[in-house]
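**Student:** Starting from the known structure of chain A, arrange chain B on it as the hints suggest.
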Amino acid sequence: DVVMTQSPLSLPVTLGQPASISCRSSQSLVHSSGNTYLSWFQQRPGQSPRRLIYQVSNRDSGVPDRFRGSGSVSEFTLEISRVEAEDVGVYYCMQGTHWVYTFGQGTRLEI
Amino acid sequence: EVQLLESGGGLVQPGGSLRLSCVASEFTLSDYVMSWVRQAPGKGPEWVSAVSSSSLGDITYYVDSVKGRFTISRDGSKNTLYLQLSSLKADDTAIYYCARGGRDSSRDGMDVWGPGTPVTVSS
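Chains as they are written, first to last, in the numbering used here: chain A, 1 to 111; chain B, 1001 to 1123.
Here chain A stands alone, though its shape is the one from the complex (with noise of 0.2 Å):
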């Protein structure tokens, strides 16, 4: 199975400043269609997870501009330019490229 690497795994911020989640995998994540099924989510406590980018870098309706995903083949980040209280949660990206589909271990942003 494709494995998923997020760092850090907790990340303090600053209300108002950036920041920043990596994420790797161990093979690449370009499918055979030549699109890249690299997804990041929002997790808050006490709610199901809610997709933000799907393949590396589309937003998704509703999610505010300051979240931007990039990279490409098995490295991939997740920016936010500037952190908003309503921002607080744990993140993953998840591979569907590969059967099994699977998850990051999770990055904790807390205020």
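In case anyone wonders, no lab produced these hints; they're calculated from the structure. Glycine included, every Cβ here is placed at the ideal spot set by N, Cα and C. Each hint should be verified, as a subset may be incorrect.
Here are some chain B residues the structure puts well away from chain A; computed CB gaps all over 10 Å [as the list claims (entries may be wrong)]:
hint, residue
1, 1010
2, 1030
3, 1054
4, 1057
5, 1058
6, 1068
7, 1069
8, 1077
9, 1078
10, 1091
Facing chain A, a subset of chain B residues (Cβ under 7 Å, in silico) [claimed, not checked]:
hint, residue
11, 1047
12, 1063
13, 1107
14, 1111
15, 1113
**Tutor:** Just chain B, lined up with the frame of chain A:
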């Protein structure tokens, strides 16, 4: 509104069985890859199983730890996804989420999630 709603979770003894259901609203389940994802207490999500869209032949996939014990299925007439859990172990204790993935051949990550249904395996 597009949504998913799971049911069927509960307390079950080791070795027991449960059937989880997930009803979809405002979209057709069979057009999408549909997954079950679980999350043990204090842990991250773990993808458990998926079924491809009908256009790709309803192919099923499982994580190794549940192969031979869990079965995913779909009833198009009821627009409902199921997960049959058997030979349950304490390690299967988790909240089980139903989630919608990519349409047709897309392998996009899940964009619609249900609120989850809890499964507790304990004697």
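**Student:** Each hint should be assessed against the structure and marked as holding or not.
**Tutor:** Here is how each hint holds up against the structure:
no.	hint	in the structure
1	1010	holds, 19 Å
2	1030	holds, 19 Å
3	1054	holds, 18 Å
4	1057	holds, 14 Å
5	1058	holds, 15 Å
6	1068	holds, 15 Å
7	1069	holds, 15 Å
8	1077	holds, 27 Å
9	1078	holds, 22 Å
10	1091	holds, 17 Å
11	1047	holds, 4 Å
12	1063	holds, 5 Å
13	1107	holds, 4 Å
14	1111	holds, 5 Å
15	1113	holds, 4 Å
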